[in-house]
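Note that the sequence shown covers residues 1 to 231 in the UniProt record's numbering.
Honestly, the hints are just simulated from the structure, not real lab data.
All clues stand as given, with none of them false.
The calculated EDC-like cross-link candidates involving lysine to aspartate or glutamate, where the alpha carbons are at most 16 Å apart (straight line), are:
no. : residue 1 : residue 2
1   : 105       : 172
2   : 105       : 79
3   : 105       : 231
4   : 105       : 73
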Amino acid sequence: MDILTQGDGPTRIVAVHGIQGTRAVWRPLAETMRGQATFVLPNLRGRGAAARGSQAADYGLRAFAADLAHVIDAATRGEPYCLAGWSMGVTVSLAALPQLSHRPKKLILMSGSPALCALQWFRAREGAALADEIAAREARLNLADAADRDAVAWTWQGIRDTDQRGVLASVDIPALIVHGAADDECPLEHAHWLREGLPRARLDIIAGAGHGIPTTHTAEVATAVRRFLSD
1 MDILTQGDGP TRIVAVHGIQ GTRAVWRPLA ETMRGQATFV LPNLRGRGAA ARGSQAADYG
61 LRAFAADLAH VIDAATRGEP YCLAGWSMGV TVSLAALPQL SHRPKKLILM SGSPALCALQ
121 WFRAREGAAL ADEIAAREAR LNLADAADRD AVAWTWQGIR DTDQRGVLAS VDIPALIVHG
181 AADDECPLEH AHWLREGLPR ARLDIIAGAG HGIPTTHTAE VATAVRRFLS D
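Using the sequences and the accompanying hints, generate a full structural model.
Have a look at this one:
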């Protein structure tokens, strides 16, 4: 496992990155909240120093969820924690919940969707066309540290048909949804699907913000998270 711990605050937050990012997406927020939270930042398979696969079957949602469950067991050791996801990290976090022996006390879901099947992060399905789209999206999102492009391709092939809307009602955990009003990668409608489906959720919308809110709107995100943690 490739895990970094950042911060020294009393609240432990296990934070999961997106399909093309790494844990780097969380580091500005972790620094901003250093006194309030301790962030546990894993790199999922195909990212950083984490294990690599060799085909799409190695990057299915079940595999990511199992990896996250192992991270949580190792990092929390039965102590209370919150689980956060950004973009695909929302999908992985929701998928991991049934596998967890030790469930989070709160969920923080940013720029995510319960229905990847309704998104078109990439139109191509394989080959050079998909590789070109991956490179273009990486540049568009201005990622400080990007995932391996072959891992991104295999991940997309493994998760693109995911629809979690039917399981949201069973997630009886307080949840904060934070979403940019101008997110063109995961439109605001998807945040409303999460809000409507999760029994104990609230939605904070950041005006004018796009998809990368943990880095582009760190102060606003930190304010929303602090308020949620203090409730």
